[in-house]
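So the sequences go chain by chain: A and B.
For the first sequence, counting from 1, position 74 maps to 74 in our numbering; every step adds exactly one.
If you count the second sequence from 1, you need to add 1000 to reach our numbering.
If you are wondering where the hints come from, they were derived from the structure by calculation, not from laboratory data.
In this text, a Cβ means the ideal position worked out from N, Cα and C, and glycines have one as well.
Hints are not guaranteed to be accurate.
Chain A is nowhere near these chain B residues, computed Cβ spacing over 10 Å in every case [claimed, not checked]:
no.: 1; residue: R1045
no.: 2; residue: V1080
no.: 3; residue: E1081
no.: 4; residue: R1093
no.: 5; residue: R1266
Here are some chain B residues the structure puts well away from chain A; computed CB gaps all over 10 Å [as the list claims (entries may be wrong)]:
no.: 6; residue: L1015
no.: 7; residue: A1026
no.: 8; residue: S1055
no.: 9; residue: E1057
no.: 10; residue: R1064
no.: 11; residue: H1088
no.: 12; residue: R1092
no.: 13; residue: A1101
no.: 14; residue: R1151
no.: 15; residue: E1159
no.: 16; residue: R1173
no.: 17; residue: A1182
no.: 18; residue: D1216
no.: 19; residue: D1249
Here are some of the chain B residues that sit facing chain A, going by a computed Cβ distance under 7 Å [unchecked claim]:
no.: 20; residue: L1050
no.: 21; residue: V1051
no.: 22; residue: P1066
no.: 23; residue: A1071
no.: 24; residue: L1073
no.: 25; residue: L1097
no.: 26; residue: L1193
Residues per chain are reported as follows:
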Amino acid sequence: MIAVELRKLVLRPRVWLSILLLCAVPALVAVLLSISNLAPPPGQGGAFLSAVLDNGSLYPAAALAMVLPVFLPLAVAVYAGDAIAGESATGTLRYLLVRPVSRFRLLAAKLTTLAVYIVLTMTIVVVFSLVVGIALFGTGAEAVGQPGSVTSLSGASLDPAELAVRMMAAVGYIVVSMLGFGTIALFWSTLSDSALGAALASLAVLIASSIMQTLDAADPLKPYLPTNYWLSWIDFFRDPIFWTNIDRGLLLQAGYIVVFFGASWANFATKDITS
Amino acid sequence: MIVTRGLTKRYGRVLAVDGVDLDVRAGDRYGFLGPNGSGKTTLVRLLLGLVYATSGEIEVLGERVPARSAAVLPRIGALVEGPAAYPHLSGRRNLQLLDAAGRGGPRRTRKRRIEEALEQVGLDGVDHRSVRAYSLGMRQRLGLAAALLRRPELLILDEPTNGLDPRGIREIRDLLIGLNEAGTTVFLSSHLLSEVEQLCTRVGIVDRGRLVLQDDMTNLRAPTGHVHVHTPDAAQVAALLDGQVVERDGERLLVRHADPAALNARLVGEGIRIAAISAQRLSLEEVVLDVTGHGSDRIGGTP
């Protein structure tokens, strides 16, 4: 079933369109920066943006900082919200189930494919923005005269190999964060026959969580908000890596994945398929 | 093949299927007839384990549903409430994906089975355009091809000729009769009397969720013990068979008599000219109207 779902993933024009749009945002910002040469001063503007003018190899990190808060969750919500509700709306869900595909296997295949979609999207965005960054800003080698090292957020310098490892770790962390959020969308998708409704409900969760984060009165809830540790991937670029929030974030997202996948299963397994 | 006992499905306050005892035997071409909204589709979904019964038992191909669905469903081909396909993919690609989903569709024979199924439903010449560009009839044929893909022992088809033109309906009817003669049991739900009348050997009639009649077509359409007589000498016949003439409409008479041949011989013996004579048989339409009420799509006072 997973193989079938993967083939559906790559055959879907919408998937490639969403990835293209996710690449377009950092590309546009990179072009504007390189034309104007006006980076935000350090400490202001998007994370890493102040540093990329000197070294393009840090641009993927800046790109991640741009797409993570809104655009990436949006794409995940749309894709995961469509998982069951979309099949339900086209009527293909009933034909899959009478084939038969067990409801658990279908749901597990949907979750796996969701993870693949997130990894695919992130990989393409990172590689694409690396190419754009190096093409427009260089690697910093021209100025310094040695293969470009990058300054970590804590001030120490990182060589390219170290940077690559940290970048991959950050990507992995964001994948887990997005999968946690995507599982919430998958749950809505088993509740509704409308893919749009499921995606919007997930975005409502995202927005509610973001609002609570700015609210002091919600302090006791904060450690459990799905978005709370999303930005902790930045900690991979500190020296030494600041693990506390990363560990908490991974644990929290694992919790969300287990709870909401369980809820999706409980709901889907007993549901009358009337679409 | 299909046995249900006291099968009931309630959606909230609506009783969609109400104590149905269905009995479909191997080799039947079973027509499940009923007005719109009478619970046909819900019953089909119950048989396929898509919705769960409120009470009652279902046995399909000798196994309990939904407990043993995984063992039963691979042996069934189904069309439920219209065909469905991924609109951005071609018909062949849709069949490939569907066949690859779940167990029971060996990859080795997949290509051949797909081509066979497409040929059976008359879509073998179809090109690579996406299903989005298909006509209603083509989608219906694709749905049928999907049902035939694994050469099932039992076909459960909900309104299979929807959207087809008269020639298409004829083709599908011939296909189903052919498959049935080769050993496939066909269970077909429809609100089209003519479809069931021309295709089925056994009929179940459902009305507001209840199975109101279930019988072989030959029994339903057995002679009624009346004879239609068409004669220019109607007055003479009426005089001769006084008391046996049930209805008279110009030259057409309805006579209570068991044997049209004997009646014919007697009338001709009396010198009466006969234009036509035949045993009265109820049409399926008369049978159905006799046992059912209005469909649920009629909202209004009783006429």
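Examine each Cβ of chain A, and state whether all of them lie more than 10 Å from the Cβ of D1216/B.
28 Å, holds
Report holds or violated for the interface hint on L1073/B, using the least CB-CB distance to chain A and a cut-off of 7 Å.
Hint on L1073/B: holds, closest Cβ of chain A at ~4 Å, below 7 Å.
How about L1097/B: closest beta carbon in chain A under 7 Å, or not?
Since chain A brings a Cβ to about 6 Å from L1097/B, closer than 7 Å, the hint holds.
Classify the label on R1092/B as holds or violated, using whether its beta-carbon is more than 10 Å from each beta-carbon of chain A.
13 Å, holds
Nearest-CB test (10 Å) between chain A and A1026/B:
20 Å, holds
Does the no-contact call for E1159/B survive, Cβ to all of chain A over 10 Å?
13 Å, holds
Does the claim that R1151/B lies outside the interface with chain A hold up, using a Cβ gap greater than 10 Å?
Holds, since 14 Å exceeds 10 Å.
Could you let me know if the closest chain A CB is still more than 10 Å away from the CB of A1182/B?
It holds; A1182/B is separated from chain A by about 22 Å at its closest Cβ, greater than 10 Å.
Less than 7 Å between beta-carbons is the criterion; does A1071/B satisfy it with respect to chain A?
9 Å, violated
Interface exclusion of D1249/B relative to chain A, criterion Cβ beyond 10 Å:
49 Å, holds
Checking hints one by one. Is P1066/B an interface residue toward chain A, by the C-beta closer than 7 Å rule?
10 Å, violated
If we take the beta carbon of L1015/B, is the closest beta carbon in chain A still more than 10 Å away?
15 Å, holds
When the structure is compared with the earlier hints, violations turn up for hints 1, 2, 3, 4, 11, 13, 22, 23, 26 and for no others.
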